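Student: Residue-level listing of the chains:
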Amino acid sequence: MAQTGVTVGIMTAIWAFIGIVLPILTNVFMARSPNKGIIQICLILTAVCCYLLWLITFIAQLNPLIGPELKSGVVRMIQLEWN
Amino acid sequence: MSMDALLRSEEMTLCQMFLQSEAAYACVSELGEIGLVQFRDLNPDVNAFQRKFVNEIRRCEEMERKLRFLEKEINKDGIPMLNTGDNPEAPAPREMIDLEATFEKLENEMKEVNSNSEALKRNFLELTELKHILRKTQTFFEEAHQHQQALHDPSIAEERVGLLGEDPVTRSGQQNKLGFVAGVILRERIPSFEVMLWRVCRGNVFLRQAEIEAPLEDPITGDSVYKSVFIIFFQGEQLKSRIKKICEGYRATLYPCPETQAERREMAIGVMTRIEDLNTVLGQTQDHRHRVLVAAAKNIKVWSIKVRKIKAIYHTLNMFNLDVTQKCLIAECWCPVADLDRIQQALRSGTERSGSSVPSIINRMQTRMVPPTYNRCNKFTQGFQNIVDAYGVSCYREVNPAPFTCITFPFLFAVMFGDMGHGLIMFLFALFLVLKEKQLEAKKIQNEIFNTFFGGRYIILLMGAFSVYAGLMYNDIFSKSLNLFGCQWVLSPLSPEYNVITSKPEERIFVDPNGTFTGTSYPIGVDPIWSLAKNKIAFNNSLKMKMSIILGVSQMFFGIALSFLNHRHFQRPLNIIFDFIPMVVFLFCMFGYLVIMIFVKWLKYSSTSKPQPPSLLIGLINMFLFNYKDGEDNMIYSGQQGFQSFLVIVAVLCVPWMMLGKTIYQRYLKRYGQ
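Line by line, the protein sequences are chains A and B. Under numbering that gives the first Met the number 0, the residues of the first sequence are numbered 0 to 82, in order. Under numbering that gives the first Met the number 0, the residues of the second sequence are numbered 0 to 673, in order.
Honestly, the hints are just simulated from the structure, not real lab data. Hints are supplied without guarantee of correctness; some may be wrong.
Claimed, not checked - 25 angstroms max Cα-Cα, derived BS3-like pairs, lysine-lysine:
#	chain 1	residue 1	chain 2	residue 2
1	B	Lys543	B	Lys600
2	B	Lys378	A	Lys35
3	B	Lys603	A	Lys70
4	A	Lys70	B	Lys51
5	B	Lys135	B	Lys243
6	B	Lys135	B	Lys71
7	A	Lys70	B	Lys503
8	B	Lys479	B	Lys305
9	B	Lys120	B	Lys71
10	B	Lys503	B	Lys300
11	B	Lys437	A	Lys35
12	B	Lys326	B	Lys310
13	B	Lys535	A	Lys70
14	B	Lys543	B	Lys533
15	B	Lys479	B	Lys535
16	B	Lys479	B	Lys533
17	B	Lys51	B	Lys305
18	B	Lys71	B	Lys104
Unchecked claim - Non-contacting residues of chain A with respect to chain B, defined by C-beta distances greater than 12 angstroms in every case (computed):
#	residue
19	Phe16
20	Val20
21	Ile23
22	Leu24
23	Val27
24	Cys41
25	Leu64
26	Pro67
Predicted model only: the values in this text are computed from it and were never measured. C-beta: ideal position from N, C-alpha, C; glycine also.
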């Protein structure tokens with residue numbers, strides 16, 4: 000559970016930085032540049048879309064209802080290599 | 000650009016310009032260079048041939064014709080045309096005459112050279128054919144002479160003498176009363192030529208032919224053709240005229256061939272000398288032509304640009320109105336309010352350049368016409384704006400969806416593409432195009448497919464970048480998976496199901512998430528164990544379908560929210576009440592609710608849940624059919640039946656609200672006043 004919390008926290012922090020903090024910084028540093036608006040829009044949209052994509056993939060695997068169907072040879076390899 | 004200018008199309012104003020007649024040309028040239036103005040045609044019902052500057056345009060088109068001719072000649076010779084990439088300004092009207100004179104001179108020179116070299120080549124061809132004839136007929140006559148000698152073998156001399164009544168001594172290699180014609184014909188035509196001769200002359204002529212090994216160059220088309228030499232022996236004048244007619248029909252050229260060998264040898268020498276002379280002259284003509292073309296090739300691109308600019312200026316001037324005093328031209332144009340300063344600056348410099356003392360005036364006009372939509376773009380947003388405009392150009396001052404598509408379009412592409420390896424390839428290809436864009440633009444490549452890719456280089460760059468991210472989420476690199484964070488499924492050999500017997504490696508084992516799943520998701524992306532599973536598609540389908548629903552519904556909500564911005568800007572409260580609100584309610588009641596249910600099902604049910612978790616799809620269908628017969632087991636939360644029925648009824652009510660609400664309200668207003 001703790002690991003879940005840590006992962007969610009880190010990913011949310013990353014995308015919050017990109018989606019909230021960076022646009023504010025852009026407002027400060029690029030106040031007069033003609034491209035300020037488009038950069039802010041791109042940052043916010045990127046953060047929203049990518050965060051949503053990650054969140055869906057994460058939550059979908061939290062409580063799996065079915066398990067993988069493996070051949071025994073593969074099971075043996077998994078036991079040797081990964082576990 | 001301010002946020003408002005990014006969000007909507009620019010504010011435009013209708014302007015009227017008063018231009019002095021002398022200054023008009025220079026002013027239009029300056030305005031053309033900055034490209035911020037769209038002129039309105041003030042003479043729409045005037046025929047194109049009755050406009051004021053139609054003569055100048057005709058002259059420009061004549062110049063373009065000459066330039067095209069020159070370009071064709073340059074391409075024929077394979078000379079490279081210099082393309083420095085600089086943008087020359089339109090020359091002043093008096094310089095146009097100089098340009099015309101230059102083009103005229105060049106064109107005449109080229110035409111002269113071409114016709115000369117054609118005549119020379121024809122001459123050369125005739126001499127070459129004559130040379131071949133003289134060589135080949137030499138052998139024919141020798142054979143005939145031998146044949147004659149054989150005939151005069153003393154053993155049969157008496158019979159021959161008696162038959163023809165001639166003195167054998169007088170014969171000296173010359174055929175008795177036999178005439179001949181010699182000529183050259185295309186090789187393909189020889190068989191039918193022979194047959195025609197046989198038929199027409201009833202077999203009384205004798206044809207010998209020999210092929211010319213080297214191909215000859217046709218002077219008009221320039222192709223190499225294979226020809227053959229022929230000689231026809233006949234007796235009598237009638238046959239001669241028939242043979243001549245047949246040769247004409249088959250386009251065989253006849254040459255006078257002397258009968259004696261000495262004469263032939265003399266002729267051959269003369270022909271050789273003349274061929275050499277001709278070769279020299281031909282070479283010099285070609286050199287001269289090449290030199291003229293090389294000199295023209297240096298400037299031809301610059302000239303084309305200048306001529307096109309002159310033509311464009313005169314087309315624009317044709318749209319202006321001539322004032323009653325005949326002294327100044329009046330123009331109407333649309334321009335962005337933010338750029339009025341730059342336009343005035345351009346007019347000032349144009350008036351200065353033409354040396355006119357009267358300044359040009361521009362003033363704004365009030366109008367009820369709907370201004371054109373102008374979205375200011377840089378090289379990054381231009382591609383996306385083109386895609387959006389392809390579906391339809393937005394109305395004046397409407398919210399411009401293009402800045403948002405900069406991210407959502409590549410993102411949705413990536414959700415469909417989703418492979419790190421292929422995404423990386425796409426990204427690197429687009430990166431190459433972007434980093435080298437200055438050099439590639441300067442090359443002015445004409446290939447349409449390349450230009451499509453080059454124009455969309457920023458789009459492809461973003462699509463590649465997002466595809467890498469989506470591939471990271473799907474855990475897919477060239478269709479293989481990576482195990483970066485450790486698999487979250489532990490298959491302990493201690494439990495009996497996973498204590499596998501190595502002698503049966505193909506046996507299928509269904510892994511139950513109960514004992515094996517560690518409880519935390521794989522941190523970033525899909526767990527790598529799924530790539531080894533036989534039922535990977537069952538998991539992936541569920542994940543991707545639900546992902547598509549969530550992303551699609553969010554996108555639709557976003558679009559409707561933008562429409563709210565439009566309603567607020569154009570101050571249409573009716574639209575908010577009768578369009579925006581029912582759309583939002585409808586979308587939420589049906590698909591927003593489904594999205595919430597998806598998240599609830601993901602978080603609430605695990606493999607340890609006693610009853611089988613209910614299917615969302617069946618649940619949705621039952622929701623609309625009001626079918627709750629399956630009982631309490633299939634409810635996700637208490638009160639679900641009531642709440643869902645409520646949502647369906649509200650959604651159904653939204654339909655007449657959207658369709659009829661505004662109409663009925665407006666009719667009511669009309670009938671009973673304000």
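Student: All hints, please: hold or fail.
Tutor: Comparing the hints with the structure gives:
Between Lys543 (chain B) and Lys600 (chain B) the alpha-carbon distance is near 15 angstroms, which keeps this suggested pair within the 25 angstroms criterion. Note on Lys378 (chain B) and Lys35 (chain A): the hinted pairing holds, with a Cα-Cα distance of about 15 angstroms set against a maximum of 25 angstroms. Of the supplied pair hints, the one linking Lys603 (chain B) and Lys70 (chain A) is violated, its CA atoms being roughly 30 angstroms apart against a limit of 25 angstroms. With a C-alpha separation of about 86 angstroms, the suggested pairing of Lys70 (chain A) with Lys51 (chain B) is violated against the 25 angstroms cut-off.
Simply put, Lys135 (chain B) and Lys243 (chain B) have alpha-carbon atoms about 20 angstroms apart, close enough for the 25 angstroms limit, and the pair holds. Proximity of Lys135 (chain B) to Lys71 (chain B) is assessed by CA-CA distance (about 41 angstroms); at most 25 angstroms being required, the pair is judged violated. With a C-alpha separation of about 9 angstroms, the suggested pair Lys70 (chain A) and Lys503 (chain B) falls inside the 25 angstroms cut-off, and the hint holds. Taking the CA atoms of Lys479 (chain B) and Lys305 (chain B), the gap is about 57 angstroms. The hint is violated against a cut of 25 angstroms.
Distance restraint check for Lys120 (chain B) and Lys71 (chain B): the Cα-Cα separation of roughly 21 angstroms lies within the 25 angstroms cut-off, and the hinted pair is therefore satisfied. A C-alpha spacing of about 76 angstroms is found between Lys503 (chain B) and Lys300 (chain B), which places the hinted pair above 25 angstroms, so the restraint is violated. For the suggested pair Lys437 (chain B) and Lys35 (chain A), the alpha carbons sit about 24 angstroms apart, so the restraint of at most 25 angstroms is met. At most 25 angstroms may separate the alpha-carbon atoms for a hinted pair to count; Lys326 (chain B) and Lys310 (chain B) meet this at roughly 22 angstroms.
A hinted pair counts as satisfied when its Cα atoms are at most 25 angstroms apart, and Lys535 (chain B) with Lys70 (chain A) qualifies at roughly 13 angstroms. As the CA atoms of Lys543 (chain B) and Lys533 (chain B) are separated by approximately 17 angstroms, the hinted pair is consistent with the 25 angstroms bound. Straight-line distance between C-alpha atoms of Lys479 (chain B) and Lys535 (chain B) comes to about 13 angstroms, which keeps the hinted pair within the 25 angstroms bound. Straight-line distance between C-alpha atoms of Lys479 (chain B) and Lys533 (chain B) comes to about 14 angstroms, which keeps the hinted pair within the 25 angstroms bound.
Only pairs whose Cα atoms come within 25 angstroms are accepted, and Lys51 (chain B) paired with Lys305 (chain B) is accepted, the gap being roughly 21 angstroms. Taking the CA atoms of Lys71 (chain B) and Lys104 (chain B), the gap is near 17 angstroms; set against the 25 angstroms cutoff, the hint holds. Against chain B, the non-interface label of Phe16 (chain A) holds: every CB pair exceeds 12 angstroms, the least being about 16 angstroms. Consistency note on Val20 (chain A): stated as away from chain B, and its beta-carbon is indeed over 12 angstroms from all of that chain's, at 18 angstroms minimum.
No Cβ of chain B comes within 12 angstroms of the Cβ of Ile23 (chain A); the nearest lies about 14 angstroms off, and the non-interface call holds. Every Cβ of chain B is farther than 12 angstroms from the Cβ of Leu24 (chain A); the closest lies at roughly 17 angstroms, confirming the non-interface assignment. Every CB of chain B is more than 12 angstroms from the CB of Val27 (chain A) (nearest about 15 angstroms), matching its label as outside the interface. For Cys41 (chain A), the shortest C-beta to C-beta distance to chain B comes to about 5 angstroms, within the 12 angstroms cut-off, and the non-interface label is violated.
The Cβ of Leu64 (chain A) sits about 6 angstroms from the closest Cβ of chain B, inside the 12 angstroms cut-off, so the non-interface label is violated. Under the 12 angstroms C-beta cut-off, the non-interface status given to Pro67 (chain A) relative to chain B is violated; the minimum distance is some 3 angstroms.
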